[in-house]
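Listed below are the residues making up each chain.
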Amino acid sequence: MSVSFLLRLALLVLLLTFLANPQAFEPVFAPFAANGAPAIYTQSSLVALTLSHLAMVAAATLAATIVSVGFAILVTRPSGREFLPLSRSIANIGQTFPPVAVLALAVPVFGFGPIPTLIALFLYGLLPVFENALTGLTSIPASVQEAARGVGMTGGQRLVGVELPLALPIILAGIRLTAVISLGTATIGSTVAARTLGEVIIAGLTSNNTAFVLQGGLIVAMLALFIHEGFALLETALSRRTGGAQPA
Amino acid sequence: MGRAQTAGTGLAVGMRTGTYTDAGRKRRSGLDRLGAVLVVIAAAGLVFQPFSLVRPNRIVAAKPVALLSALPPLEAGLVLAVVIAACAVLLFRTGPALRLGVSVLTLAVLAMAIGRAGVYLTPTANSYARVAPGGAFWMMAFAFSIVLADASARLRLTPLSRLGLLALIAGAVGLLLYSGAWDSLSILREYANRADVFWREARVHLLLAVGSLAAAALVGIPLGILCFRVRPLRAALLNSLNILQTIPSMALFGLLIAPLAWVGAHVPGASAIGIAGIGVAPAFVALFAYSLLPMVSNTVAGLESVPPQARDAARGMGMTARQRFFEVDMPLAFPVVLTGIRIVLVQNLGLAVLAGLIGGGGFGTFVFQGISQTATDLVLLGALPTVALAFAAAIVLDALVEIANPTPARSPEA
Amino acid sequence: MIEIQGITKAYDDVRAVDDVSLTIESGEIVTVVGTSGSGKTTLLRMINRLVEPTAGAILIDGRDNRDLPGHELRRAIGYAIQGYGLFPHRTVAENIATVPKLLGWERKRIDARVDELLALFHLEPDQFRARMPHELSGGQQQRIGVARALAAEPAVLLMDEPFGALDPIIRGKAQDDLIDIQRRFSTTIVLVTHGMEEAIRLGDRIAVMDKGKLLQFATPAEIIAHPATDFVAELVGSDDRAFRLLSLAPVADLLEPGDASGEPIDAAASLKDALAEALWSGRAALPVRRDGAIVGRVTRDSLIARAGRPQ
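Chains as they are written, first to last, in our numbering: chain L, 1 to 248; chain G, 1 to 414; chain P, 1 to 311.
Note that these hints are calculated values from the structure, not bench results. Think of the CB as a built atom: it goes at the ideal place given N, C-alpha and C, for glycine as much as any other residue. It is possible that part of the hints are untrue.
[To be verified] Here are a few chain L residues that sit away from chain P, every Cβ distance over 12 Å (derived from the structure):
1. Arg8
2. Leu15
3. Asn21
4. Val47
5. Ala59
6. Gly80
7. Ala91
8. Thr236
[What the hints assert, rightly or not] Partial list, derived from the structure: chain L residues whose beta carbon lies under 8 Å from chain P:
9. Val151
10. Gly152
11. Met153
[What the hints assert, rightly or not] Residues of chain G clear of chain L, computed beta-carbon distances all greater than 12 Å:
12. Leu68
13. Ser69
14. Ala81
15. Ala85
16. Val89
17. Gly174
18. Ala202
19. Leu226
20. Val280
21. Ala314
22. Met317
23. Arg324
Same shape as in the complex, but just chain L (with noise of 0.2 Å):
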């Protein structure tokens, strides 16, 4: 029960009440208002944005989980081995495209709406899992890996039993930072008319009320503070058990 616990438990009890009665914070933004605006945002009820916004990350973030650790999984059997160095450079390259990007130009194809920010959120997430479940499954140590087939499992037998258990601390870390860059990306989606948290944060914008935007951005804010310390709690318990280095 260390002071830093007590500190983000009274934070989620903060955002929870917030969310749950966002009036009685009304004296809080009222000064971030500019002259007689309201000063929390009604057009649609918070809680509401709040669950379509972690939604649309958890859809997208699940999916990506999905695909990108089989890929890697795929890549790394030696049947598929010859894809490694181009799976590799792909998702490097895949890294550089800015989210925003991929989200405008998914528009055109996909249309307003949540889908094309469920692809963009998807496709911008894949690399991050990728990566780690690649480093993962690929910087088991040697002799571990010698020991498995030494004594006959199968290769099945092998992923499932030492592979994955191995490689999933580095492979939560990924999803980790998935699901928060998800979370920040997803407020743009917004501008294509997608429900996010990021709908507060426009109308603020286009108002010229900051105080829309505060209570948008830290809401954001919060839930991603939330999901990483979930996430790196759930890691440092896994690979303390194995012994492991503790994940960045």
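Starting from the structure of chain L, add chains G and P where the hints point.
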């Protein structure tokens, strides 16, 4: 002596003298699996997708045109022949140098063909008609770009030759643009309508991305050195910068509007140097803020990566603290710091698009205008240069990082 | 019995193992010794087919080792390696239980076997069962590695430099433990090492390899006395081969009736230790003790005579 025997119960016992085919041996001929996949993609594009999309004006729906009708018969036949020949090369196991050459050649032919198709399909004296590349073009371009990426990865090009290849491609694209071969394509029509604005926004975009990087380097590297030396400071500073990064970029841009407006109005001389609530200033400050964490943390990581033995040896040889810092610490930490600069530059080039949302200019102006007008070509006019810049920056800085690294740690590829 | 028949492994043009034939009897310890790159590890790995041979065959108890799929073959053969390769995400008990689980043993039988092996390796089961590998010392990890290799009661145990990372004192104990366990289960052991000392100490017979070729396959005494080539002689070391020879046999071998004065020596001690003691204390003979009672003596002259080159 039981186990080994019981495990084999029921199987024929006998001695075989046949030799094994070596499982790890590379097949020297036969189908290339990656090539086959890419050929399928290219072929599917060619068969099921239009090569060009023609719209009588900007608003109405596009009419798909197949490759064979998008060009004069002779040229169409020539392009088709080149693509088929290239596919044949890719389908079989061939050397990476050949594949590199074939992919570059095919991409060049496709690039010229799409321009020619624009001219061919545009009715004369119709300045409203728009011709855009269709699915077939994009899928073939994708397939051959992958071949290009794969072949250069396999060739393990040196940093200099990668830079050379990039310069070659940039030069070719520049030449195509300059010669007017693509002028009939819709995205260039869009460009022609706002050429002067385009270059102004390009300058703003670069100023935002590179300027904020320079500012972040000037502040972040000394901060990183300080963090490395003063341990208690490190956790505090890195944690606060970490939290800063979690604020969504769009919100950070917006949040800076109010304080900067206040500074612009109340600090003497501030508005004279362009500090105001909207425009370039908040975008610049936001990009600077996002750049700080990678700069500081990479400086710390670089200094931490200096082997203690090297530092110890330097002390043992009687170097002063200053000499150790400039002759041992900094040179050894430099590649990691440069990696930080690479991350920041690529990230900033992308994030600068968001400046378009708060009137800060840059390519984002076109992207968000295009989104609000549902004008695909306008979106592309903003997005394509952004992607190209980020991509080129990544290649250039990756090459520099590799050149700067005294011990190249390129992982052996299987 | 393991019959290796004209086995060859070629990588491109290099023959890592070149037409090696040898027969390993059931229940003996064969050490394979050579410099790095001699092909000794490749030879070992062809027995459990971690490496597939280019030519030749290996028969285990008369059965071609290619009759079974590779992974099933390996479940029937123990395998312990340098670095141990313990699964870092599994407890000590789970590590040891790996092969029995793969073979589908019952839970009860597995638990009993794990405890039996832990006790055998002087590790208190209650204390060690639930530990993670990274919580163990190097010597403990090594023992768990061997315990895991022995878990499914294999008839054959392959070991690749299993003691390479241990310090000399712990290594000596680990080697003693291995000999004890081998005597108890009469497991056939093939052990690869780069140290002639270890090869002589553990091996009933020694196979000396160089550049993929088998140079000599004989008992330690034979190798020391009659090295087949200059390379083997160099590996044995000509300076102290007399002492190496003496280290092979116990005092009991030269026991004779009679008296001697001074501190007695144990009948199980090596002849080398006896000679060293005789020289150090300046005695012509040492009393020999077995189970606490003096049973005779060993003389310095007989020790010296024994150290000479066998005819």
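Comparing the hints with the structure gives:
no.	hint	result
1	Arg8	holds (28 Å)
2	Leu15	holds (35 Å)
3	Asn21	holds (45 Å)
4	Val47	holds (40 Å)
5	Ala59	holds (30 Å)
6	Gly80	holds (20 Å)
7	Ala91	holds (26 Å)
8	Thr236	holds (15 Å)
9	Val151	holds (5 Å)
10	Gly152	holds (3 Å)
11	Met153	holds (6 Å)
12	Leu68	holds (25 Å)
13	Ser69	holds (23 Å)
14	Ala81	holds (27 Å)
15	Ala85	holds (22 Å)
16	Val89	holds (17 Å)
17	Gly174	holds (20 Å)
18	Ala202	holds (15 Å)
19	Leu226	holds (21 Å)
20	Val280	holds (16 Å)
21	Ala314	holds (27 Å)
22	Met317	holds (32 Å)
23	Arg324	holds (27 Å)
Checked against the numbered hints given earlier, the structure satisfies every one of them.
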